[in-house]
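With the hints as your guide, set chain B onto chain C.
Order-wise, the sequence lines are chains C and B.
For what it's worth, our numbering labels the leading residue of the first sequence as 1, then goes sequentially.
For what it's worth, our numbering labels the leading residue of the second sequence as 1, then goes sequentially.
No lab work stands behind these hints: they were computed from the structure.
Worth double-checking, as some hints may not be accurate.
So the derived label-pair ranges between C-beta atoms look like this [said to hold, decoys possible]:
#, chain 1, residue 1, chain 2, residue 2, range
1, B, P151, C, W270, 23 to 33 Å
2, B, N79, C, K59, 52 to 62 Å
3, B, G220, C, S345, 16 to 26 Å
4, C, S299, B, R370, 48 to 58 Å
5, B, A33, C, S345, 27 to 37 Å
6, B, R27, C, S345, 32 to 42 Å
7, B, V367, C, V18, 57 to 67 Å
8, C, L274, B, N121, 21 to 31 Å
Pairs of lysine-lysine, DSS-like flavour, derived with a Cα cap of 27 Å [stated by the list, open to error]:
#, chain 1, residue 1, chain 2, residue 2
9, C, K320, B, K96
10, C, K226, C, K205
11, B, K277, C, K73
12, C, K79, C, K5
13, C, K71, C, K190
14, C, K71, B, K277
15, B, K30, C, K74
16, C, K129, C, K171
Beta carbons are placed, not taken as given, at the ideal position from N, Cα and C, and that holds for glycine.
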Amino acid sequence: MTALKNTFRELIQYPSAVLGTLTILLLLGIAAYALATIPYDEAVRQWRGGEDVWYQNPKYAAPAWYNFFSKTKKPVSFKASTVDGGMTKTVTAASADISSVDMAYSFEYDYDAPPQEITLYFTTTFDQKLPFASVVLVTPDGREIKIGKMAVDRKTTYRVSQDLKLQKSLKTERVMNALFTNPDTGKMVKGTYQLRIEGTTFESKSGMDAELVLHGDLYGLAGTDKYRRDLLLPLLYGTPIALAFGLVAALGTAFLTMIIAAIGTWYGGWIDELIQRITEVNLVLPFLAILIMVGTFYSRSIWLMLGITILLGIFGGSIKSYRAIFLQSKEASYIEAARAYGASSGRIIFTYLIPRMVPLLIPTLVSSVPGYVFLEASLAVLGLGDPLLPTWGKVINDAFADGALYQGRYYWVLEPAVLLMFTGLGFAMLGFALDRIFNPRLRDM
Amino acid sequence: MSTESLSAPTQDSSVPKKIASNSAVVRVMKFTAIRIVTMMITVAIGVYLTILIANMGGYVDTIMRNEIREGTTMGILANPQYRNLTTEAKQELIQKKIASEEKRLGLDQPFAIRSMRYLGNSLVLNLGRAQRMISDHGSKEVRLILLERLPATLLLAGVSQLLLFFGSIFIALPLSRKYGSWLDKLTIALSPTSSVPAWFYGIFFILIFAAILKILPFGGLVDSPPPTNSFDYGLNVLKHLILPASSLIVSSVFLSIYSWRTFFLIYSSEDYVEVAKAKGLPPRDVENRYILRPTLPTIITNFALLVIALWTGFTITETVFVWPGLGITLYRAIGAYDTPVIVGSTIIYAYLLALTVLLLDFVYALVDPRVKVGAGSPQ
Numbered sequence: 001m002t003a004l005k006n007t008f009r010e011l012i013q014y015p016s017a018v019l020g021t022l023t024i025l026l027l028l029g030i031a032a033y034a035l036a037t038i039p040y041d042e043a044v045r046q047w048r049g050g051e052d053v054w055y056q057n058p059k060y061a062a063p064a065w066y067n068f069f070s071k072t073k074k075p076v077s078f079k080a081s082t083v084d085g086g087m088t089k090t091v092t093a094a095s096a097d098i099s100s101v102d103m104a105y106s107f108e109y110d111y112d113a114p115p116q117e118i119t120l121y122f123t124t125t126f127d128q129k130l131p132f133a134s135v136v137l138v139t140p141d142g143r144e145i146k147i148g149k150m151a152v153d154r155k156t157t158y159r160v161s162q163d164l165k166l167q168k169s170l171k172t173e174r175v176m177n178a179l180f181t182n183p184d185t186g187k188m189v190k191g192t193y194q195l196r197i198e199g200t201t202f203e204s205k206s207g208m209d210a211e212l213v214l215h216g217d218l219y220g221l222a223g224t225d226k227y228r229r230d231l232l233l234p235l236l237y238g239t240p241i242a243l244a245f246g247l248v249a250a251l252g253t254a255f256l257t258m259i260i261a262a263i264g265t266w267y268g269g270w271i272d273e274l275i276q277r278i279t280e281v282n283l284v285l286p287f288l289a290i291l292i293m294v295g296t297f298y299s300r301s302i303w304l305m306l307g308i309t310i311l312l313g314i315f316g317g318s319i320k321s322y323r324a325i326f327l328q329s330k331e332a333s334y335i336e337a338a339r340a341y342g343a344s345s346g347r348i349i350f351t352y353l354i355p356r357m358v359p360l361l362i363p364t365l366v367s368s369v370p371g372y373v374f375l376e377a378s379l380a381v382l383g384l385g386d387p388l389l390p391t392w393g394k395v396i397n398d399a400f401a402d403g404a405l406y407q408g409r410y411y412w413v414l415e416p417a418v419l420l421m422f423t424g425l426g427f428a429m430l431g432f433a434l435d436r437i438f439n440p441r442l443r444d445m
Numbered sequence: 001m002s003t004e005s006l007s008a009p010t011q012d013s014s015v016p017k018k019i020a021s022n023s024a025v026v027r028v029m030k031f032t033a034i035r036i037v038t039m040m041i042t043v044a045i046g047v048y049l050t051i052l053i054a055n056m057g058g059y060v061d062t063i064m065r066n067e068i069r070e071g072t073t074m075g076i077l078a079n080p081q082y083r084n085l086t087t088e089a090k091q092e093l094i095q096k097k098i099a100s101e102e103k104r105l106g107l108d109q110p111f112a113i114r115s116m117r118y119l120g121n122s123l124v125l126n127l128g129r130a131q132r133m134i135s136d137h138g139s140k141e142v143r144l145i146l147l148e149r150l151p152a153t154l155l156l157a158g159v160s161q162l163l164l165f166f167g168s169i170f171i172a173l174p175l176s177r178k179y180g181s182w183l184d185k186l187t188i189a190l191s192p193t194s195s196v197p198a199w200f201y202g203i204f205f206i207l208i209f210a211a212i213l214k215i216l217p218f219g220g221l222v223d224s225p226p227p228t229n230s231f232d233y234g235l236n237v238l239k240h241l242i243l244p245a246s247s248l249i250v251s252s253v254f255l256s257i258y259s260w261r262t263f264f265l266i267y268s269s270e271d272y273v274e275v276a277k278a279k280g281l282p283p284r285d286v287e288n289r290y291i292l293r294p295t296l297p298t299i300i301t302n303f304a305l306l307v308i309a310l311w312t313g314f315t316i317t318e319t320v321f322v323w324p325g326l327g328i329t330l331y332r333a334i335g336a337y338d339t340p341v342i343v344g345s346t347i348i349y350a351y352l353l354a355l356t357v358l359l360l361d362f363v364y365a366l367v368d369p370r371v372k373v374g375a376g377s378p379q
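The following block holds chain B by itself, in its conformation from the complex:
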């Protein structure tokens, strides 16, 4: 979600603490083990809650049972092959088919057992088979369904978010140096525009560039039929990428620049920066060594959160632009009551998040000499 990158970068307030006893290795090992165990428990609880919600207290089971009953009955009654059967034989056939279909979807077992199976399988990343959804290549493997959508999401979310992230940092840094200039004031004045979500800008962009000017497509990934030549294909995809990517960028660029600029500004009023300036160091060096270096943990945190947020895609922007990404797949999975796909997409996000949070502890220790792994609370 873009909110991660939107929120103002928070200052890392870890206080250096000295622990005299314990050898460093034991301490780090112990700390890591505890972290991993708590992370796993957190992920398990989160995923189980998602499974519970995706079932809505047995409500979804009822819906699925009814759909199976209706579908099977209609299928058998309408099938000319079975026309000669007696009513009883037909009924028996229907019951048998319903039972086998329910068995296939696991509906013959109580939800408690089924949910535990979902949880167990998902925790070992055995994503299993979808109940209804099918990938474009005809596979029912959840893994394949998600993998098939990943490139589109990575293209859209990746391109827009990376441009946004690095773009706003590199604009914010010089901007923080000359705050009070008209450019700075303009950024501040424009930053409320980020209260409007990306899909909303998308609507306006579609209206202007697709409906009125007719220079860019309304939506989708490629033209239909797609160009055969792979170069033309790539060009065509890029053309379709412009509107969704720019609406994602426009919707957060000004707030992002504003937050980073304020953040850098706070850091550049530190005494050591003043000293560096007083020494007569060139602004480039001051920026790189005295401003960027101490702010690196925050930049890394934000970047890591951004990268994992890519996984969830941008459901609504993808819906508005009919972009075949992960967000829209999740939305469709929910519409099709396809619990394995919902759980699959959640578990991957949860793991990515847990892994990132864990890694960040170590990265902090690497980039910030004041932080020691396992000493005090790094968060």
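Just chain C, same shape as in the assembly:
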């Protein structure tokens, strides 16, 4: 316990260690939040769901915080629905059968460009007579624009800019421009807009709900991709996956390597010889090529990749350096003492040899995490990312496949890249500081 305390006291003297620890804690917090709010199945469903899940989002929208850095404010997407109360809805019965459903939504529009599209999704219930709706937009400068009138079926999607009648009445094909600019000056009109839907239902049990979706150029905290997916999902959910992959691979490889090295040196003879030969064969095997082969031929599951990474990593070059240290400590007097009181080989290996090595292992362990985190991303960049899970590497791969950098959609690449970078640097900085604490030879250097 005191050793731990001392280590900690030394650790906080290194600013890089403090910074690295904070980064790791932050990432762990994000990971915990992601796992707590989005269950595994839900994450997979949302990521793989397609248009059904993401229909409300605009395509290729940059994150909303773009406006902080730019002089011209681009419109931010939003949605409002009568179901969850975002949009007001009042039902007044006119007679036994006929009632009017008035829905309204007011929104601030202070942006310097008109939106891409306004879409209304109606859901109605009726027996035979279709309900009727007319849509009106009230602009801040007092204009009341009749957008459209229609009979609405059970599920109706109404896209404002594609309404030919509206195009005709506004005398332009650029409907959004006409709606959001002053017809005389041609300048954007900023302020509070109100969208009103005056609905009428013709049956006693008939009902009507509407959802307003405005597609701007920006969306949410992270933006969206080609498939309208909210990038916040992979950014959030990629954190636990990246950490799990990195930590499990680092821990698994390090501990298994150490156990094998300890067993080899303790028993010596043919076991040691065999382990050394396997290490040499493993040196010849092309590591990345094997991972690519497994990914291409067999399965791209991230957990399989993890298993193979550990398997190939166990007999890596570090087995030789562990062996050298074990050979020394094998001769130590406390081992002699253990042997004298009749301890079994297993006991000596697992309670005497290995625990002494753990402090030496910790810096290496922490420093090797980034390598594995990036390995996952590298595989994803080669198109071998997990087909189901949302990961950072997948986002980068999607962005590259779509030529995001050529087309100036930098946010698409930068967001996962920055997260990856933080993860890598966080673990590397902590690992470096630990290395200097645990390896006294490096301390004054």
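Just chain B, lined up with the frame of chain C:
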């Protein structure tokens, strides 16, 4: 792989041992023979494992059979020449074509025999013909496919790794002399940046220099169409080389300097260095004779490993920069299930590695008077 050069140079801990009996020649011969035999066995096992993995327990055979069946059937049904044939005649033709195609790819033989043939051929460096891949000049020879890509890889990997290696040693040496200076502290502070792989820096470089500043190309080897004049061509290739090479260098330079500096620092605190300094030798001589000389085996080992690592190329960096090197070829070969190309590239790497390890034993004996070939364990 760059990891070879990344890992901190390890100290050579060979202990001098005296063997009185046996004449030196016999000892060296015996040692060499044993080394070569074990190396060959190691290489053979490694390559055979690669062949096994490249086949995935017959899984790849099934994929290839299905592809042949589909391709042949479609080809014959769509060919207007065969339109007049009856259905039976067509079926017979299809079967015949499938059989001949399977024979060409060796699929008519069981995998055990085929794998042994791959192994035997590759061990004698008869790389054979690719199953699907074709070199830019239209050849199916694996040798030609690989040779065609070698210059691009050597250019990228060679330039970046040699600059990195010698650059970091020559920066590290004076740095180790004035450790504790702000420059030294800066190197230490920056060394965690090497946890980020090269392709990742590549993305940022592309973003800054190609997408925003528009002064360097996004990727590729030359412009399309390439300049006709060979001087312009070379200049153009260099221009394309800047971004991938600098991302390879930036991704490991600080850790590399840091490791070498620490390594030199450990050696320069040896007593004999102190004595040399006390004698009043100029720092240059101290560095050359008392620090560089004893550390030469490690430097040579690292350099040798680096040179053979060039052969594998940098698959992901090459992919990100669309650089037509060996790494990307291997990646494509895997995608095309082209076992001969995969095995060919593996066997060459394995041989280079084995040869280097073997040669290093002798080089150690040459540069380090304490080491004798065949005495004790040099590794």
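Hint-by-hint comparison with the structure:
no., hint, verdict
1, B:P151 to C:W270: 23 to 33 Å, "violated, 46 Å"
2, B:N79 to C:K59: 52 to 62 Å, "violated, 42 Å"
3, B:G220 to C:S345: 16 to 26 Å, "violated, 59 Å"
4, C:S299 to B:R370: 48 to 58 Å, "holds, 51 Å"
5, B:A33 to C:S345: 27 to 37 Å, "holds, 35 Å"
6, B:R27 to C:S345: 32 to 42 Å, "holds, 35 Å"
7, B:V367 to C:V18: 57 to 67 Å, "violated, 44 Å"
8, C:L274 to B:N121: 21 to 31 Å, "holds, 28 Å"
9, C:K320 to B:K96, "violated, 55 Å"
10, C:K226 to C:K205, "violated, 41 Å"
11, B:K277 to C:K73, "violated, 67 Å"
12, C:K79 to C:K5, "violated, 52 Å"
13, C:K71 to C:K190, "holds, 15 Å"
14, C:K71 to B:K277, "violated, 63 Å"
15, B:K30 to C:K74, "violated, 78 Å"
16, C:K129 to C:K171, "violated, 33 Å"
The structure is inconsistent with the numbered hints 1, 2, 3, 7, 9, 10, 11, 12, 14, 15, 16, although it conforms to all the rest.
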